[in-house]
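Q: For the sequence shown, position 72 (counting from the first letter as 1) is numbered 71 according to numbering that gives the first Met the number 0, and the numbering increases by one without interruption.
Incorrect hints may have been included.
Keeping only pairs whose Cα atoms sit at most 20 angstroms apart, straight-line, the calculated PhoX-like set for lysine-lysine is [claimed, not checked]: (1) 148 - 72; (2) 66 - 132; (3) 66 - 146; (4) 132 - 148; (5) 132 - 72; (6) 74 - 146; (7) 72 - 146; (8) 74 - 132; (9) 66 - 120; (10) 111 - 66; (11) 111 - 146; (12) 148 - 119; (13) 148 - 74; (14) 132 - 146.
Now the in silico label distances, taken between C-beta atoms and shown as ranges [said to hold, decoys possible]: (15) 57 - 121: 29 to 35 angstroms; (16) 64 - 42: 21 to 27 angstroms; (17) 46 - 90: 39 to 45 angstroms; (18) 109 - 78: 28 to 34 angstroms; (19) 47 - 146: 50 to 56 angstroms; (20) 98 - 150: 52 to 58 angstroms; (21) 100 - 57: 38 to 44 angstroms.
I should point out that these hints are in silico values taken from the structure, not numbers from a laboratory.
Just so we're clear, the structure is a prediction, and the values are computed from it rather than from any experiment.
Every residue, glycine too, gets a C-beta built ideally from N, C-alpha and C.
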Amino acid sequence: MRVRKAMKKTPCSKMIFLLLMFVLSGCAGILQEGAVKPQEPLPQPAAVAPPLPPVPDESEMIRAEAKEMLLGKWKRQAQGGDTIEFVDDGTVNLYSAVERIAYPGSYRVLDKDQLEITMKKGGTLIWGYAVTKGDLTLTTPTGVDMKYKRYRGK
Numbered sequence: 000m001r002v003r004k005a006m007k008k009t010p011c012s013k014m015i016f017l018l019l020m021f022v023l024s025g026c027a028g029i030l031q032e033g034a035v036k037p038q039e040p041l042p043q044p045a046a047v048a049p050p051l052p053p054v055p056d057e058s059e060m061i062r063a064e065a066k067e068m069l070l071g072k073w074k075r076q077a078q079g080g081d082t083i084e085f086v087d088d089g090t091v092n093l094y095s096a097v098e099r100i101a102y103p104g105s106y107r108v109l110d111k112d113q114l115e116i117t118m119k120k121g122g123t124l125i126w127g128y129a130v131t132k133g134d135l136t137l138t139t140p141t142g143v144d145m146k147y148k149r150y151r152g153k
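Let the sequences and hints guide you as you build the complete structure.
A: So this is what it looks like as structure tokens:
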């Protein structure tokens with residue numbers, strides 16, 4: 000019974016109830032308008048062009064040209080006639096005519112006058128070089144020039 004007394008309808012509680020109903024029904028209309036309103040389509044992103052390929056700098060062009068000139072087989076002009084072959088994949092093969100042994104390795108053009116040669120049996124050394132269409136001069140790290148003529152290749 001006590002609960003019923005607390006819930007007894009008084010004119011004040013009726014007024015609060017009506018006010019609450021009015022507010023809630025007004026909010027329901029606002030929420031309904033927002034839900035019914037169609038959304039505008041999102042703008043499509045502009046087509047993006049693919050990035051341009053990198054432009055080689057001058058040193059890269061010099062290295063590429065030098066590598067192209069080195070490709071092929073070269074025969075040494077000194078007695079014995081050792082040969083050296085530079086391959087496009089970065090490998091180098093030195094054949095000693097005296098020892099009759101091939102020494103494989105790899106090479107990398109550093110700049111217009113330096114070449115890095117790494118032999119499989121041995122270390123990496125920086126060699127000097129000068130190359131034309133038919134002549135190659137390799138300069139050892141100790142300063143000795145070895146002259147070669149194009150034997151086969153480009």
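Q: Are the hints correct? Go through all of them and say.
A: Evaluation of the provided hints:
Only pairs whose Cα atoms come within 20 angstroms are accepted, and residue 148 paired with residue 72 is accepted, the gap being roughly 9 angstroms. Between residue 66 and residue 132 the alpha-carbon distance is near 12 angstroms, which keeps this suggested pair within the 20 angstroms criterion. A hinted pair counts as satisfied when its Cα atoms are at most 20 angstroms apart, and residue 66 with residue 146 qualifies at roughly 18 angstroms. Between residue 132 and residue 148, the direct Cα distance comes to roughly 9 angstroms. Compliance with the 20 angstroms bound is thereby established for this hinted pair.
Restraint check for residue 132 and residue 72: the C-alpha separation of about 12 angstroms stays at or below 20 angstroms, so the hint holds. Of the pairs offered as hints, the one joining residue 74 and residue 146 holds, with about 8 angstroms between alpha carbons and a cut-off of 20 angstroms not exceeded. Our distance criterion of 20 angstroms between C-alpha atoms is met by residue 72 and residue 146, whose separation comes to about 13 angstroms. At most 20 angstroms may separate the alpha-carbon atoms for a hinted pair to count; residue 74 and residue 132 meet this at roughly 14 angstroms.
For the suggested pair residue 66 and residue 120, the alpha carbons sit about 23 angstroms apart, so the restraint of at most 20 angstroms is broken. The hinted pair formed by residue 111 and residue 66 meets the criterion: a straight-line CA distance of about 10 angstroms does not exceed 20 angstroms. With a C-alpha separation of about 17 angstroms, the suggested pairing of residue 111 with residue 146 holds against the 20 angstroms cut-off. Pair hint residue 148 plus residue 119 does not hold up; C-alpha atoms about 25 angstroms apart against a cutoff of 20 angstroms.
In summary, the hint linking residue 148 to residue 74 is supported, as the alpha carbons are separated by about 5 angstroms, within the 20 angstroms threshold. Distance restraint check for residue 132 and residue 146: the Cα-Cα separation of roughly 13 angstroms lies within the 20 angstroms cut-off, and the hinted pair is therefore satisfied. In this structure the hint that residue 57 and residue 121 lie 29 to 35 angstroms apart at CB holds, the actual value being about 32 angstroms. Between residue 64 and residue 42 the beta carbons are some 48 angstroms apart, a value that contradicts the proposed interval 21 to 27 angstroms.
The supplied range of 39 to 45 angstroms is met by residue 46 and residue 90, whose beta-carbon atoms lie about 44 angstroms from each other. Remark: the range hint 28 to 34 angstroms for residue 109 to residue 78 is upheld by a beta-carbon distance near 30 angstroms. About 55 angstroms separates the C-beta atoms of residue 47 and residue 146, a value consistent with the hinted range of 50 to 56 angstroms. Against the hinted window of 52 to 58 angstroms, the Cβ-Cβ separation of residue 98 and residue 150 comes to about 18 angstroms, which falls outside the hint.
The given range of 38 to 44 angstroms is respected by residue 100 and residue 57, whose C-beta atoms sit roughly 39 angstroms from each other.
In this structure, the earlier hints numbered 9, 12, 16 and 20 are contradicted, and the remaining ones agree with it.
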